[in-house]
Amino acid sequence: MVDVDIEQRRGEFALAVRFVVDAPIVGLFGASGAGKTSVVNAIAGIGKPDRGSISINGTMLFDSVRGIDIPPERRRIGYVFQDALLFPHLDVQRNLLYGQKLCPAVDRFIEPARIVGLLGLDRLLRRAPMTLSGGERQRVAIGRALLAQPRILLMDEPLVALDAARKDEVLEYIERLRDDVRIPIVYVTHSRSEIARLADAVVVLTHGRCTAVGDAESILNDAAMVAATDRYDDAVMIEARVVAHDSSDRLTTLDFDGGQLIVPQLDALPHDRVRVRIRARDVALAISRPIGVSVLNVLPGIVAQIGPRVGASVDVAIAVGNATIRARITQRSLRKLRIGNGHRVHALVKAVSLELRGNRYD
Amino acid sequence: MLIEGFGAHEWQIVALSLRVAFVSMLFSLPLAIIVAYSLARHQFIGKTIVDAIVHLPLVLPPVVVGFALLMLFGRRGPIGSLLDQWFGIVLAFRWTGAALASAIMGFPLMVRAIRLSIAAIDPRLEVAARTLGGSRAWVFASITLPLALPGIITGALLSFARGLGEFGATITFVSSIPGETETLPLAIFAFTQVPGGDAAALRLSVVAVLLSLVALALSEWLTRRFATHADGRR
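Respectively, the protein sequence lines represent chains D and W. For the first sequence, this note's numbering begins at 1 and goes up steadily by one. For the second sequence, this note's numbering begins at 1001 and goes up steadily by one.
The hints are simulated quantities; they were obtained by calculation from the structure and are not laboratory data. A portion of the hints provided could be inaccurate.
[To be verified] Some chain D residues judged to face chain W by a derived CB distance under 8 angstroms, without partners named:
#, residue
1, Phe13
2, Pro72
3, Ile77
4, Leu85
5, Gly99
6, Ala105
7, Phe109
8, Arg144
9, Tyr173
10, Asn221
[Claimed, not checked] Every beta carbon over 10 angstroms from chain W, so not counted as near; a handful from chain D, in silico:
#, residue
11, Ala16
12, Gly33
13, Glu73
14, Ile110
15, Val303
For each residue, glycine too, the CB sits at the ideal point set by N, CA and C.
The task is simple: from the sequences and hints, build the whole structure.
Here it is in structure tokens:
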């Protein structure tokens, strides 16, 4: 459990953040300059807040009132930096073991061999950091932080310096960690897709304030999240379960809270949980069930919210069962179809437009 | 010719010079590392003044430094008398005094070289090491020092070379006493002042050149060995 309540002023920038969150992977989300790094630095003990308190899993690390400020080396907080920061004069193995050697044997619970296997580092051990690719460096940095036997792992935009292919590689390793090592992770990012793929709970920061806290699905579809992003992103995330594959048509049927979705075939077993990303511009609306259309997914629902209006278009939120789908249509269509709050409509979602978390469609 | 004319006296001069230069380098190194680190990494009140004092020997006439040492560390000087009373240490007109003069003259060179190499280290590497459980002192020893090693070696060499060549401050503070404070430059100067001393002066000069070349080669070798290590290539 991460319990943060801090205030900090640095020149013009004022940070006042308060949240309590308990999840395997907490996404700390916000635009650049929102104060994400200040928050994780405060947790790690690198930056000292002016006021407040920080506790991790019930251990008080900082409390300005009681005068507690545990130095970073005794907090046991793993920190993975944007640019890895491997020690250039040590090879990969010595980098990995740097923190482990400093941790008393009784507190050790993660074995080097396990981390090396999990992160695929066995062939890099003798290498020098200079000779590693960006993705390899981040994997070593993650392993080094874990071998210091931390209570929690902070990752500050660990993928920001990597190209798309490397990002995917490192993401896969982080997912393996989550499933295998079971150490809580606070994952800082300004990328919606990274949040969508990894986070279980999300804390949204906007201009140094915490504007939303909640489970990933609801936050990702929430207006506060939309406001926190630099550019407006219209997608919603749907939690779904694989029902069946139709290999002749290369399609997969998914079950979600509002019905079924048909998507291009994916690498998942029946009953696997997946997240589908539906962009508003890929969703059309019809006031009656259309006939003779190519669209495979026709989802009956009720108009829950109209707006925001941007240029010629307007986004309409549709309640489909317990899920929400957003459709972007023109304001003219809205007027011509006389769509209003509470009206019954059909959301039309092209199967080929759907993006899935955790596989090649992401 | 070089070996022929080399008697016990000459060997004594060379040995004394090496000892003075080496001891001055060795004893000023820890202080130089501390000063260089503070100047490179910390903001503190009076930093400009500390910086100026460290650099003073570089711009002052060496004789002035020697004279100041004589005033302060002479037997009746404020520091010299205390050292004599409390510890029985006398620096004036001793080889240890020559080492002190060399150390002070070489100090700015040493600090500059080390400071540059510390300033070139990403301070976030030290932060990363702290989050991995390293105390300040351990991080300094395991991260900062090894990464600054090329600068430390360069600084040590510069100080050593300065010590071998020190003249003005040494002769003013400890005079030129054969067997006690008569280092290479002082001896060479003395030989040039007596008729027929040119051959001896030349011999010692050649030795001085050879010593400097050996020191330079040694530091090049050390720097290359550790610099590649620090870069992470091997």
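Structure-based check of each hint:
Among the interface hints, the one on D:Phe13 is violated; its C-beta lies about 20 angstroms from the nearest C-beta in chain W, farther than the 8 angstroms criterion. Nearest Cβ of chain W to the Cβ of D:Pro72: about 4 angstroms, under the 8 angstroms cut. The hint holds. Contact between D:Ile77 and chain W, as hinted, is supported at the beta carbon level, the nearest pair being about 6 angstroms apart and thus within 8 angstroms. The interface hint given for D:Leu85 is met, as the beta carbon of that residue sits about 4 angstroms from the closest beta carbon of chain W, less than 8 angstroms.
Of the supplied interface hints, the one on D:Gly99 holds, with its beta-carbon coming within about 3 angstroms of a beta-carbon of chain W, less than 8 angstroms. Checking D:Ala105 against chain W by beta carbon gives a least distance of about 13 angstroms; that is not within 8 angstroms, so the hint is violated. The criterion of a C-beta within 8 angstroms of any C-beta in chain W is not met by D:Phe109, whose closest approach is roughly 14 angstroms, and the hint is violated. Satisfaction of the interface hint for D:Arg144 is found here, the shortest Cβ-Cβ separation to chain W being roughly 7 angstroms, below the 8 angstroms cut-off.
The restraint placing D:Tyr173 at the interface with chain W is violated, with a minimum CB-CB distance near 19 angstroms, outside the 8 angstroms limit. For D:Asn221, the interface hint is violated, the least distance from its beta-carbon to any beta-carbon of chain W being 35 angstroms, above 8 angstroms. Listed as outside the interface, D:Ala16 is consistent with that label: its C-beta sits roughly 24 angstroms from the nearest C-beta of chain W, beyond the 10 angstroms cut-off. Distance check on D:Gly33: its Cβ is at least 19 angstroms (rounded) from any Cβ of chain W, clearing the 10 angstroms threshold; non-interface status holds.
Not every C-beta of chain W lies more than 10 angstroms from that of D:Glu73, the closest at about 5 angstroms, which undercuts listing it as non-interface. Under the 10 angstroms C-beta cut-off, the non-interface status given to D:Ile110 relative to chain W holds; the minimum distance is some 13 angstroms. The non-interface label for D:Val303 is consistent with chain W: the shortest C-beta to C-beta separation is roughly 50 angstroms, beyond 10 angstroms.
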